[in-house]
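Q: Just so we're aligned, residue 3 is where the sequence shown starts under the numbering used here, counting upward by one.
It is worth saying that the hints were derived from the structure and are not from the lab.
It cannot be assumed that every hint is accurate.
Said to hold, decoys possible - Capping the alpha-carbon separation at 25 Å, the derived lysine-lysine pairs in BS3-like fashion look like this:
| hint | residue 1 | residue 2 |
| --- | --- | --- |
| 1 | K60 | K31 |
| 2 | K58 | K12 |
| 3 | K30 | K5 |
| 4 | K5 | K60 |
| 5 | K31 | K58 |
| 6 | K58 | K35 |
| 7 | K30 | K60 |
| 8 | K30 | K52 |
| 9 | K39 | K60 |
| 10 | K31 | K5 |
| 11 | K58 | K30 |
| 12 | K5 | K39 |
| 13 | K35 | K5 |
| 14 | K70 | K35 |
| 15 | K60 | K12 |
| 16 | K12 | K31 |
| 17 | K12 | K30 |
| 18 | K58 | K5 |
| 19 | K70 | K31 |
| 20 | K12 | K70 |
| 21 | K35 | K12 |
| 22 | K60 | K70 |
| 23 | K31 | K52 |
| 24 | K70 | K52 |
Since the model is a prediction, treat every value here as computed from it, not as a measurement.
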Amino acid sequence: MEKEILNYLKQQTELFDFNNQSDLFTAKKIAEKFSIKRNTASHYLNQLAKEELIVKIKTRPVIFFIEKHLKRRISI
Numbered sequence: 003m004e005k006e007i008l009n010y011l012k013q014q015t016e017l018f019d020f021n022n023q024s025d026l027f028t029a030k031k032i033a034e035k036f037s038i039k040r041n042t043a044s045h046y047l048n049q050l051a052k053e054e055l056i057v058k059i060k061t062r063p064v065i066f067f068i069e070k071h072l073k074r075r076i077s078i
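Taking the hints into account, I'd like the entire structure generated from these sequences.
A: Pasting the structure below:
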């Protein structure tokens, strides 16, 4: 499941419009997308963040991005 979530985040980060805020990158939205519980999605996302495969942005709600794709999109 982690691999599927990672692929989803890669795809969505590439397509993300920074001018339109979205909840695509929240545990809730990912749980809905994969038909799993929010806390299960959160567990997978936190594991991916711990492995430094994604970056966790501690806002409300918490959002997750693929760091290298995000940096490329904002030209860092």
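Q: Hints first: check each against the structure and report whether it holds.
A: Status of the hints after comparison with the structure:
1. Annotation: proposed proximity of K60 to K31 holds, straight-line Cα distance about 16 Å (limit 25 Å).
2. About 14 Å separates the Cα atoms of K58 and K12, which keeps this hinted pair within 25 Å; it holds.
3. Only pairs whose Cα atoms come within 25 Å are accepted, and K30 paired with K5 is accepted, the gap being roughly 18 Å.
4. Using a Cα cut-off of 25 Å, the hinted pair K5 and K60 holds, with the two alpha carbons roughly 22 Å apart.
5. This hinted pair checks out: K31 and K58 have alpha carbons roughly 15 Å apart, not beyond 25 Å.
6. At roughly 19 Å between alpha-carbon atoms, K58 and K35 fall within 25 Å of each other, so this suggested pair holds.
7. Restraint check: the Cα-Cα separation between K30 and K60 comes to about 15 Å, which is no more than 25 Å; the hinted pair holds.
8. Taking the CA atoms of K30 and K52, the gap is about 19 Å. The hint holds against a cut of 25 Å.
9. At most 25 Å may separate the alpha-carbon atoms for a hinted pair to count; K39 and K60 meet this at roughly 20 Å.
10. A threshold of 25 Å between alpha carbons decides the hint, and for K31 with K5 the separation of about 17 Å falls inside it, so the pair holds.
11. The hinted pair formed by K58 and K30 meets the criterion: a straight-line CA distance of about 14 Å does not exceed 25 Å.
12. Between K5 and K39 the CA atoms are separated by roughly 17 Å; this keeps the pair inside 25 Å, and the hint holds.
13. Taking the CA atoms of K35 and K5, the gap is about 14 Å. The hint holds against a cut of 25 Å.
14. Annotation: proposed proximity of K70 to K35 holds, straight-line Cα distance about 23 Å (limit 25 Å).
15. In summary, the hint linking K60 to K12 is supported, as the alpha carbons are separated by about 19 Å, within the 25 Å threshold.
16. For the suggested pair K12 and K31, the alpha carbons sit about 15 Å apart, so the restraint of at most 25 Å is met.
17. Distance restraint check for K12 and K30: the Cα-Cα separation of roughly 17 Å lies within the 25 Å cut-off, and the hinted pair is therefore satisfied.
18. Under the criterion of a C-alpha separation no larger than 25 Å, the hint pairing K58 with K5 is consistent with the structure, at around 17 Å.
19. Restraint check for K70 and K31: the C-alpha separation of about 21 Å stays at or below 25 Å, so the hint holds.
20. For the given pair, K12 sits about 9 Å from K70 by alpha-carbon distance, which is consistent with the 25 Å threshold.
21. At roughly 14 Å between alpha-carbon atoms, K35 and K12 fall within 25 Å of each other, so this suggested pair holds.
22. For a cut-off of 25 Å, the pair hint linking K60 to K70 stands: about 18 Å separates their Cα positions.
23. Of the supplied pair hints, the one linking K31 and K52 holds, its CA atoms being roughly 20 Å apart against a limit of 25 Å.
24. At most 25 Å may separate the alpha-carbon atoms for a hinted pair to count; K70 and K52 meet this at roughly 16 Å.
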